[in-house]
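*Asks:* Use these hints to put chain P onto chain L, whose structure you have.
Protein sequences appear in the order of chains L and P.
Under UniProt numbering, the first residue of the first sequence is numbered 1, with each subsequent residue one higher.
Under UniProt numbering, the first residue of the second sequence is numbered 1, with each subsequent residue one higher.
Keep in mind the hints are simulated off the structure, nothing from the lab.
Please note: incorrect hints may appear among the correct ones.
These stretches of chain P come out as covered by chain L in the derived footprint (C-beta under 8 Å, 3 or more residues) [said to hold, decoys possible]:
#1 73-86
#2 116-128
#3 133-146
Facing chain L, a subset of chain P residues (Cβ under 7 Å, in silico) [said to hold, decoys possible]:
#4 R91
#5 I153
#6 G154
#7 A155
#8 L160
#9 C298
The beta carbon of each residue, even a glycine, is placed where N, CA and C say it ideally should be.
What follows is each chain in one-letter form.
Protein chains: 2
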Amino acid sequence: MSQTLNVDLGLRSYPIHIGSGLLADPESYRPHVRGDRIMIVTNETVAPLYLDPLEQALSDYRVSRVVLPDGEQYKTMEVWNRIFDALLQERFGRDCTLVALGGGVIGDMAGFAAACYQRGVPFIQVPTTLLAQVDSSVGGKTGINHPAGKNMIGAFHQPLAVIADTDTLETLPQKELSAGLAEVLKYGFIRDAAFLAWLESHMAELLSRDPNALSHAIKRSCEIKALIVAEDELEAGQRALLNLGHTFGHAIEAGAGYGAWLHGEAVAVGTCMAANLSQRLGWLEDKDVERLRRLISCAGLPTEPPADLSPDQMLELMAVDKKVLDGKMRFVLLKELGEAIVTDEVDRDTLYATLADRRSL
Amino acid sequence: MSQTLNVDLGLRSYPIHIGSGLLADPESYRPHVRGDRIMIVTNETVAPLYLDPLEQALSDYRVSRVVLPDGEQYKTMEVWNRIFDALLQERFGRDCTLVALGGGVIGDMAGFAAACYQRGVPFIQVPTTLLAQVDSSVGGKTGINHPAGKNMIGAFHQPLAVIADTDTLETLPQKELSAGLAEVLKYGFIRDAAFLAWLESHMAELLSRDPNALSHAIKRSCEIKALIVAEDELEAGQRALLNLGHTFGHAIEAGAGYGAWLHGEAVAVGTCMAANLSQRLGWLEDKDVERLRRLISCAGLPTEPPADLSPDQMLELMAVDKKVLDGKMRFVLLKELGEAIVTDEVDRDTLYATLADRRSL
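Next comes chain L alone, as it looks inside the complex (with noise of 0.2 Å):
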């Protein structure tokens, strides 16, 4: 049983499928592949567990293979460019498909591999965490890290499709599951407030991995994202609204050293100090924050920063943040939960409380 959705951008449109055993079905794949060779991009954790079922069902096709490290410390220029290897390596011409399958990490590096290679093939996303699922493989954003800031070197390259096999989600480390729900989270606080509400009744069935309460979150995500994108394909306006608790998250992930963090965790920070920064401006309620930290609580995903990384540290290193626009930081707040809107009208010595602000709950 599976579902489509649909990202709406012309001629660059695509569908979203979701559902459970989309991963080894050949009809999956057979009407977006373009040309007879695929590469597929994935890496050491996934490659055991689903690169032999997707090789069966890509079987019409002469399939490549290239198998990267897993985490956020190898989304580096450096391991990018073994995907280039790979496709030189065995001659590929511009006329293939590239196929990333893997979580978000994965889907980064390959999108911006396709985007690049020969000025631009075509991919698909197979997206194999939560995280991936609801949020990184929607929308075309790619790209990798630099030493100085996350995801800095980029393109906004489309995938073809999007294949959501929700079976994936089965072995899953929990770590990863609590840090795929931070972005659902984030779709309820910035634009949902009655999803908000089936997200706080049933955050036991989503930890204890229920298929259709799973099922439904990831759906309810992708559509929100699906119509945000279309609405904002290059991030011209509203959909910087995506990047709720990012700013500081980013922060916290390159202080702590990618992959120290998963990004969904940071981002479960960030989205903390973020309500902490709108209550401060006076838009939230002190039982809004406290609602909203209760919530990431449950999800299994932390609310304080590192101890170690200083508000100083933190400020420097948002300075270089892609949010950062002419010198002045922009910052994802929240009105109240399910509205968000974004801002460059902080102060520093408002953002500097936040920054030094360490409660635990």
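*Replies:* Leaving out everything else, chain P in the frame of chain L:
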């Protein structure tokens, strides 16, 4: 005195300004710069000649610079990454403009960095070689080399403007002037028999850098390129005609080691080989091929591949070129002088005969 052409690409349209004194004139840039910060990307040869006057012309903005080593052998991922190091070191946000000051290598690397920095920032081309002014700065092809093939990693990213100051050609080494003429001749061979006749009768003036002759050659070359690019921005069809001599040429550049041959020199030899192949297919007559070789030779360019590059090595190197689709090599060949076509109907024996045919004029 200057002239302006337009590259007509809808929202991505931009002007090419051609003339004397443009580089040092603030008005060349004012209508185009975005944001208040500029990163000039240049190399160690060009910087001592033109960095100061360019920085003075841009003195209304906050200007930074990154100076790369000079030569095709440095068009690598590692050197490209130094542009990101500089941008991040100086905390450039998205609201900035990159300026490429130099020849084709600088334009390709700076343009590709602009395509990828924070998923895309604008850039301006300030070409200082004849080759860059007539060809590489126009049309939005950007990229870097991989050890296995030239321009294998890149993007289509159109500049905001091309500022071609003909005065910069006064400092150009003779070898580089000739290399640029290889691309000028190309436009005549593929599309404009009248221009070809004009080039034939004005080669001496061009080689002695007569400003009027150079201006006319640059303008006519850019007109033809702008027309072709406007019709086929992403090289789905006839833009490939601009690659006359390039499949052979790229193999020579890679085979000799990047930097050993200038790109234009390799293209000159590649054009002779394309003519040889066109003759074997019955399209060109002996006298056409001789006329083509004589013109290339008169421009101070080589007409024979390096003696130590065997036909088999050439074949091997050509097989990874971007113009290979689906295992089939595509060639840009000449139906007559002034008309090119793209074909994949070249049998291996005929190709091999061309690769093995080493004649001297």
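*Asks:* For each hint, tell me whether it holds in the structure or not.
*Replies:* Results of checking the hints against the structure:
1. Residue count for the segment 73-86 of chain P with a Cβ under 8 Å from a Cβ of chain L: 4. That meets the three needed, and the coverage hint holds.
2. For the segment 116-128 of chain P, the proposed coverage by chain L is satisfied: 5 residues have a C-beta within less than 8 Å of a C-beta in that chain, meeting the threshold of three.
3. For a cut-off of 8 Å, the count of residues in the segment 133-146 of chain P with a CB near a CB of chain L stands at 3, and the three-residue condition holds.
4. Interface restraint check for P/R91: the shortest CB-CB distance to chain L comes to about 5 Å, inside 7 Å, so the restraint holds.
5. The criterion of a C-beta within 7 Å of any C-beta in chain L is met by P/I153, whose closest approach is roughly 5 Å, and the hint holds.
6. Evaluation of the P/G154 hint against chain L yields a held restraint, the C-beta minimum of about 5 Å falling below 7 Å.
7. Here the hint on P/A155 is kept, as its CB sits about 6 Å from the closest CB of chain L, short of 7 Å.
8. With 7 Å as the threshold, the beta carbon of P/L160 stays out of range of chain L, its nearest partner Cβ sitting at about 16 Å, so the hint is violated.
9. Below 7 Å, beta-carbon pairs count as interface contacts, and P/C298 has none with chain L, the closest being about 34 Å; its hint is therefore violated.
Violated hints, in rising order: 8, 9; the structure is consistent with all others.
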